[in-house]
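Residue numbers (this note's numbering), protein chains in the order written: chain W, 4 to 259; chain F, 4 to 259.
Just so you know, these hints were derived from the structure itself, not from any lab.
Because the structure is a prediction, the values reported are computed rather than measured.
Among the hints, erroneous ones may be present.
[Claimed, not checked] Distance windows between CB atoms, simulated:
{"#": "1", "chain 1": "W", "residue 1": "H33", "chain 2": "F", "residue 2": "P45", "range": "21 to 29 Å"}
{"#": "2", "chain 1": "W", "residue 1": "P84", "chain 2": "F", "residue 2": "M238", "range": "36 to 44 Å"}
{"#": "3", "chain 1": "W", "residue 1": "P208", "chain 2": "F", "residue 2": "R138", "range": "38 to 46 Å"}
{"#": "4", "chain 1": "W", "residue 1": "G27", "chain 2": "F", "residue 2": "R149", "range": "47 to 55 Å"}
{"#": "5", "chain 1": "W", "residue 1": "S32", "chain 2": "F", "residue 2": "H214", "range": "39 to 47 Å"}
{"#": "6", "chain 1": "F", "residue 1": "D36", "chain 2": "W", "residue 2": "K122", "range": "18 to 26 Å"}
{"#": "7", "chain 1": "W", "residue 1": "P129", "chain 2": "F", "residue 2": "P217", "range": "53 to 61 Å"}
{"#": "8", "chain 1": "W", "residue 1": "A91", "chain 2": "F", "residue 2": "D36", "range": "37 to 45 Å"}
{"#": "9", "chain 1": "F", "residue 1": "A213", "chain 2": "W", "residue 2": "G153", "range": "35 to 43 Å"}
{"#": "10", "chain 1": "F", "residue 1": "P230", "chain 2": "W", "residue 2": "R39", "range": "51 to 59 Å"}
[To be verified] Residues of chain F clear of chain W, computed beta-carbon distances all greater than 10 Å:
{"#": "11", "residue": "D29"}
{"#": "12", "residue": "T70"}
{"#": "13", "residue": "E74"}
{"#": "14", "residue": "Y75"}
{"#": "15", "residue": "G227"}
{"#": "16", "residue": "P230"}
[Claimed, not checked] Here are the simulated DSBU-like cross-link-like pairs (lysine-lysine), alpha carbons at most 30 Å apart as the crow flies:
{"#": "17", "chain 1": "F", "residue 1": "K122", "chain 2": "F", "residue 2": "K26"}
{"#": "18", "chain 1": "F", "residue 1": "K26", "chain 2": "W", "residue 2": "K122"}
{"#": "19", "chain 1": "W", "residue 1": "K122", "chain 2": "W", "residue 2": "K26"}
{"#": "20", "chain 1": "W", "residue 1": "K215", "chain 2": "F", "residue 2": "K26"}
{"#": "21", "chain 1": "W", "residue 1": "K26", "chain 2": "F", "residue 2": "K101"}
Each residue gets a CB set at the ideal place from its N, CA and C atoms; glycine is no exception.
Here is what each chain is made of, one letter per residue.
Protein chains: 2
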Amino acid sequence: MLALYHAEPLANTMKVLIALEEKGLDFESHYVDLHRFEQHEPAFLAINPAGQVPVLVHDGQTIVESTVINEYLEEVFPQTPLLPGSPAARATARALNKFVDDVVMPSVSMIAWHHRVRKVAQRTDPAEMERMIARIPLAAQRAKWRTIAGASFSEEEMALSRERIGEAAARFEAALATSPWLAGAYSLADINAFSHVGARLPWFPDAFNAHKTPRLLDWADRMGARPAVVRVQAMENRTGQRLDGAAPIEREVLAG
Amino acid sequence: MLALYHAEPLANTMKVLIALEEKGLDFESHYVDLHRFEQHEPAFLAINPAGQVPVLVHDGQTIVESTVINEYLEEVFPQTPLLPGSPAARATARALNKFVDDVVMPSVSMIAWHHRVRKVAQRTDPAEMERMIARIPLAAQRAKWRTIAGASFSEEEMALSRERIGEAAARFEAALATSPWLAGAYSLADINAFSHVGARLPWFPDAFNAHKTPRLLDWADRMGARPAVVRVQAMENRTGQRLDGAAPIEREVLAG
């Protein structure tokens with residue numbers, strides 16, 4: 004029996020949902036409402052003391068961290084392989100996967116928090132906000148909420164995030180010059196990159212456009228057309244938000 | 004044939020050296036002098052465009068990122084397993100490994116840069132410093148060098164790093180209450196944690212001490228007594244630096 008504790012089908016939650024769908028795995032869905040900060044409530048902290056989604060529970064075993072969950076799914080359910088067969092090619096996919104975790108995810112998250120999540124903080128009563136922040140388990144997450152409840156990130160921090168997104172654009176575009184997917188065969192690296200930035204390319208027109216990254220735009224189209232990705236993007240999204248940047252996108256970044 | 008491009012036997016370099024030694028693997032050593040910024044020179048960028056050590060080359064295949072290199076070694080050289088056998092236990096080890104990568108490494112690195120690397124920046128001619136920074140491939144590394152060449156990190160940033168190290172101390176101590184190693188059996192998580200903080204516990208007496216973390220102090224002793232770790236700590240260290248915090252430790256953190 005597989006159970007997934009998750010938020011909207013976006014970012015880290017999207018990443019695991021795509022892997023589950025690619026492998027054709029049924030799972031029991033447990034929705035965690037990030038807008039109500041359910042991820043920091045005792046009931047959820049009993050499942051993941053870090054207070055973060057997604058969490059996979061398989062036959063009583065709890066697996067945390069989306070990158071680790073996807074490696075676990077790959078080991079236990081080898082159908083539709085999402086890592087290449089040779090160790091060196093697997094290392095290439097894992098290094099790119101780590102680049103998404105370390106460079107892309109935090110950069111996109113900072114910009115999204117600045118533009119979207121800040122509104123959540125601003126319309127919440129300050130005393131209530133402080134109570135919510137005080138019970139966040141991870142120091143870095145507490146600091147991020149305090150930043151967003153205050154004057155937000157500095158211009159230097161925001162500029163660095165934009166620069167790192169440009170760096171990712173160049174690296175991805177170069178990788179796609181030699182293969183149709185980011186790390187040779189279709190892999191967890193594609194799923195990770197799509198979930199964090201590929202599904203949101205219109206957010207960053209300076210970094211991603213037909214002139215600078217034609218291959219990446221084509222890759223994003225091919226990703227979006229995969230049946231597994233179509234199914235994930237059609238999943239219930241209680242905020243009604245869409246990824247075209249036109250509608251509110253607050254909830255998707257609360258777990259970043 | 005295995006070849007390793009590496010710096011002093013510390014931090015990310017130490018992590019791969021311990022894995023190689025645990026598995027009894029011979030390798031050709033290529034020393035990269037971080038003090039001379041050799042990692043940003045064209046000759047090294049041809050090997051790793053990110054300009055970071057360590058890099059493993061195996062039968063002509065280049066593997067980057069210390070966490071990925073250790074997973075590669077584990078797959079190709081299964082002798083002396085460094086990940087548990089069951090997928091769920093492997094996931095536990097990988098999640099802890101990722102916690103070290105995401106929380107411990109950057110926090111320890113920031114404090115070490117503030118106290119040690121800053122001196123390198125301060126005694127380098129500013130024009131030369133700017134030339135060196137300009138050729139660093141990664142935006143985040145450029146920003147880190149500019150910060151250290153200027154007024155350094157803010158007190159808020161330093162406080163957050165110290166808080167995160169305290170968080171790691173609590174998590175490690177709790178893990179050691181149920182098993183002698185951080186993730187059940189001895190694993191890559193122990194090697195990672197030791198390389199980034201376990202070998203430097205005296206740097207942080209508030210976080211690590213006989214009162215708060217008795218099990219972790221014992222674990223660090225057991226780690227340091229492992230023959231593979233003894234061999235790594237005896238390897239040539241061209242700075243003559245030691246890990247007791249008494250001698251200069253500048254070089255070890257340049258790759259952070």
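Comparing the hints with the structure gives:
no.	hint	verdict
1	W:H33 <-> F:P45: 21 to 29 Å	violated, 52 Å
2	W:P84 <-> F:M238: 36 to 44 Å	holds, 38 Å
3	W:P208 <-> F:R138: 38 to 46 Å	violated, 29 Å
4	W:G27 <-> F:R149: 47 to 55 Å	holds, 49 Å
5	W:S32 <-> F:H214: 39 to 47 Å	holds, 45 Å
6	F:D36 <-> W:K122: 18 to 26 Å	violated, 49 Å
7	W:P129 <-> F:P217: 53 to 61 Å	violated, 41 Å
8	W:A91 <-> F:D36: 37 to 45 Å	violated, 27 Å
9	F:A213 <-> W:G153: 35 to 43 Å	holds, 38 Å
10	F:P230 <-> W:R39: 51 to 59 Å	holds, 53 Å
11	D29	holds, 19 Å
12	T70	violated, 7 Å
13	E74	violated, 6 Å
14	Y75	violated, 5 Å
15	G227	holds, 28 Å
16	P230	holds, 26 Å
17	F:K122 <-> F:K26	violated, 37 Å
18	F:K26 <-> W:K122	violated, 52 Å
19	W:K122 <-> W:K26	violated, 37 Å
20	W:K215 <-> F:K26	violated, 45 Å
21	W:K26 <-> F:K101	holds, 24 Å
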